[in-house]
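Student: Below are the chains, spelled out letter by letter.
Number of protein chains: 2
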Amino acid sequence: MAKVLTSKEENYSQWYNDLVAKADLAENSAVRGCMVIKPYGYAIWEKMQAQLDKMFKETGHVNAYFPLFIPKSFFSKEAAHVEGFAKECAVVTHYRLKNDPDGKGIVVDPDAKLEEELIIRPTSETIIWSTYKNWIQSYRDLPILCNQWANVVRWEMRTRMFLRTTEFLWQEGHTAHETSQEALEETERMINIYATFAEDFMAIPVIKGAKSANERFAGALETYTIEALMQDGKALQSGTSHFLGQNFAKAFDVQYATRDGKLDYVWATSWGASTRLIGALIMAHSDNNGLVLPPKLAPYQVVIVPIYKNMEQLAEISVKVEEIMVKLRARGISVKYDNRDTQRPGWKFAEYELKGVPVRLAIGPRDLENGTVEVARRDTLEKSVEKLENIDQLVENLLEAIQKNIYSKAFKFRAENTTIVDSYDEFKKLLNTKGGFFLAHWDGTSETEIRIKEETKATIRCIPFDSVEEEGKCMVTGKPSHRRVIFALAY
Amino acid sequence: MAKVLTSKEENYSQWYNDLVAKADLAENSAVRGCMVIKPYGYAIWEKMQAQLDKMFKETGHVNAYFPLFIPKSFFSKEAAHVEGFAKECAVVTHYRLKNDPDGKGIVVDPDAKLEEELIIRPTSETIIWSTYKNWIQSYRDLPILCNQWANVVRWEMRTRMFLRTTEFLWQEGHTAHETSQEALEETERMINIYATFAEDFMAIPVIKGAKSANERFAGALETYTIEALMQDGKALQSGTSHFLGQNFAKAFDVQYATRDGKLDYVWATSWGASTRLIGALIMAHSDNNGLVLPPKLAPYQVVIVPIYKNMEQLAEISVKVEEIMVKLRARGISVKYDNRDTQRPGWKFAEYELKGVPVRLAIGPRDLENGTVEVARRDTLEKSVEKLENIDQLVENLLEAIQKNIYSKAFKFRAENTTIVDSYDEFKKLLNTKGGFFLAHWDGTSETEIRIKEETKATIRCIPFDSVEEEGKCMVTGKPSHRRVIFALAY
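Line by line, the protein sequences give chains A and B.
Its first residue numbered 1, the first sequence is counted upward by one per residue in this note's numbering.
Its first residue numbered 1, the second sequence is counted upward by one per residue in this note's numbering.
Hints in this document: simulated from the structure, not taken from any laboratory.
Please note that the accuracy of each hint is not assured.
Covered stretches of chain A, as calculated for chain B (at least 3 residues, CB under 8 Å) [said to hold, decoys possible]:
hint	segment
1	70-79
2	82-91
3	125-132
4	284-297
5	306-315
6	385-399
7	429-436
To give an idea of the chain B side of the interface with chain A (calculated C-beta under 10 Å), a few residues [claimed, not checked]:
hint	residue
8	62
9	107
10	489
Here's a subset of chain A near chain B, in silico, CB distances under 7 Å, partners left out [as the list claims (entries may be wrong)]:
hint	residue
11	94
12	96
13	167
14	170
Even for Gly, the Cβ is constructed at its ideal location relative to N, Cα and C.
Throw the hints in and build the complete structure from the sequences for me.
Tutor: Below, the structure is given as structure tokens:
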């Protein structure tokens, strides 16, 4: 088999780019920073969407759709918010093209200039809260628990496929509540949903925690995050849930009649996860042979490759394969039969390894005679010959085992790459040699946080929810600290 | 019950607007021509999406995602295409905002002007064919059968919720084929899928046919359409499928190595259906009490309303309702129990009539004693008292009956409002008195078609696939014609 990927060890970044391309996940488009999500990559996104959507609906949320465009003036209404997003906004200024009077193709029609420019949503708090104003009069109208699946645009200077693109797909939940307490509970509920999704479906262990003030969402009082560790020792923020307080309600004057007949501003949350998750999925599990997909998110969980010398053999094998597929599908297992005669089995094996299909079955004439099939699992690359009789049960068990094993492997990797440090020198040394998560004391000030970022590029990923109260000294300033926080280099 | 809708007879257009608002389907946003699709309206769209997506996948299509932005120069590459869309394009010219140097909020940063303007996609042929160029080398790479679910923007001067909005949601399929024949078959396959969806799920009978040259999609050699008749006698184009020939392949230089070793341009189709379908659904079936939804697309098919005087009664009823819900759900029927104590039963009845819930069950203390339940169907407004024993079977049958009845009613309406005309005077008279579809002879020229449109506002909706060969004379010019075509006023 020809080596198609740069190895991780040689050049991690190039390995990632190669993998995205060779596994047919995505490619750069003709538009700077925008990607084309190819069918195989999009199929993974559809699996993610279906599961997240189910979890949102089970917790009482409904979907809706709000405009792509945000009037510029809306943007200015929440001061921190505009500060956070103004520098990366795509702006629509005109609404018509016309033939170039000089006869050279088409030009923007200067007569079709908008009175007020429209921003392509980088996130939808402002347009949604301007809408909620109409929906909310009294406590009876609360809570509002809306989510939308949408595209958003942030004009990033440096882009990486899935991780940071100018346009990306995501979901954004926006909820409105009577009390601060209720909104905080919602903020926590949603970060828990993201954590469950990451761990149980993506097979990626995550650390839940709160962002430091510096790293909070623009306009939020609290940002909760789930942080995952990639195989190169860098962190990837994989989902965030924001407690917005009354900031947006005040900016858009959304008041409600309370139960005791007063007027108060509504409490808000917002929370989102994006196609970035596909980047996390790739970087957490894959190897030098290609993608390793957790069975629960694989576009197809099993691929069957026939091994044959002539068309009669193929026909006989196909009859048997049909039986196997019926049995697998009856168990809810998705399966693809690749009977293309244009490619050899070896080529197909490499192709499905690249694409991370969890289980491969290969079946040839000898297998037909013996009532057997060759079973290969993608995560360990182990092969065995198994009886066809209970193959459906065996594959079902194997898929469960793979899902667990991928998680365990990632969990072990994270454990091995989480370091408790007490000195800034040690931190700086290990950050660039070992990498990973660092548990360190910090004095709680933005100054120190910024200094560390400037000197090392590391950031506080989060203040973990489960961090233990512990008296210590900030590794930089020596000032007192009551718990360790997580530092890491991050995507 | 207070009348909440303007009646159809009084003012059809106002009735429609009232209904969209009162049934909580959508509302205008702060952005001109853009709507907010509210949760109940969006739930209908989700039902439509799920079914269409299933039908696309069953016919071998896969989903992908292409950029929102199209470089202006791409747009000019297919002459008819740019001609068709240039006048309604939203244009991004800048990528950054900054603080106003005069201290008045934020302004567009003049230093962040794009070298080449970006168009927000009004449809994606150009960006997709620029991508397909990389995907296609030989006949082995064909066919490509991609679909995308996306938002698009067309800067319309006059907008109506769902029917014509500046931004709307849709799906657009874009396929690439070896031969003209194969592409034509695909074009036909997809218009058939839309027709099946309209008739079997939306319960709307449609006429399948080809558009005249004038009404074709910008860049297409053939446009197939499904045309539905609304209750005010106007037509609504509900889905289109385009045979694009080699136009886009030529514009983007997409050639492939043929089976006999030559180079040829690839053949293309595209096809789309949008949130406009929700407008069709409303206008085809609803009445002066509100929406009438076909059970197959209703967000919930059954609502249960308890009738009680005190909380003990409510508790007893709720136990029984729980049993009913379990039985209904076991049959795949979606059901909502509205046990809110803040609203009276009468208010709830009106609410669910407005929202078009196909079946309403009401259950009170006497029903508990008698083992009965009151069953009301939304389409006919008939009520009956039924035994609780086999209520699940009864409701399942009723939902099927409602689905059929709504279709039959629409079919009968269309039959009664389809007129064969042979004189232009008769046509003009009936167009404004009776309305509906008109089967008339036409000489096949754009001149005559344009003249009719200018004089009457009626357009040729389609040349029906099943039109009978018949010698006749054009109703306007008297020139020979070989088949009748469908004229109507249209949305």
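Student: Take the segment 82-91 of chain A, compare each residue's beta carbon with every beta carbon of chain B, and decide whether three or more fall closer than 8 Å.
Tutor: Check passed, 7 qualifying residues.
Student: Three residues or more, CB to CB closer than 8 Å: is that satisfied between the segment 429-436 of chain A and chain B?
Tutor: violated (count 0)
Student: Answer holds if the nearest beta-carbon of chain B is closer than 7 Å to that of residue 167 of chain A; otherwise answer violated.
Tutor: holds, 5 Å
Student: Restraint: residue 489 of chain B near chain A, CB-CB cut 10 Å. Satisfied or not?
Tutor: Residue 489 of chain B check fails; min Cβ-Cβ to chain A is 27 Å, beyond 10 Å.
Student: Examine the segment 385-399 of chain A: at least three residues should have C-beta closer than 8 Å to a C-beta of chain B.
Tutor: violated (count 0)
Student: Less than 10 Å between beta-carbons is the criterion; does residue 62 of chain B satisfy it with respect to chain A?
Tutor: holds, 4 Å
Student: Three residues or more, CB to CB closer than 8 Å: is that satisfied between the segment 306-315 of chain A and chain B?
Tutor: With 0 residues in contact (Cβ-Cβ under 8 Å with chain B), the coverage given for the segment 306-315 of chain A is violated.
Student: Tell me if residue 94 of chain A is really an interface residue toward chain B, meaning its C-beta lies closer than 7 Å to one of theirs.
Tutor: holds, 4 Å
Student: Would you say the segment 125-132 of chain A counts as covered by chain B, given the rule of at least 3 residues with C-beta under 8 Å?
Tutor: holds (count 3)
Student: Using 7 Å as the Cβ threshold, decide whether residue 96 of chain A counts as touching chain B.
Tutor: Result: holds, 6 Å to nearest chain B Cβ.
Student: According to a criterion of three or more residues whose C-beta lies within less than 8 Å of a C-beta of chain B, is the segment 70-79 of chain A covered?
Tutor: holds (count 7)
Student: So is the segment 284-297 of chain A in contact with chain B by the C-beta rule, three or more residues under 8 Å, or is the coverage claim wrong?
Tutor: n = 0 at 8 Å, threshold three: violated.
Hints 4, 5, 6, 7, 10 and 14 from the earlier list are contradicted by this structure; the remaining hints agree with it.
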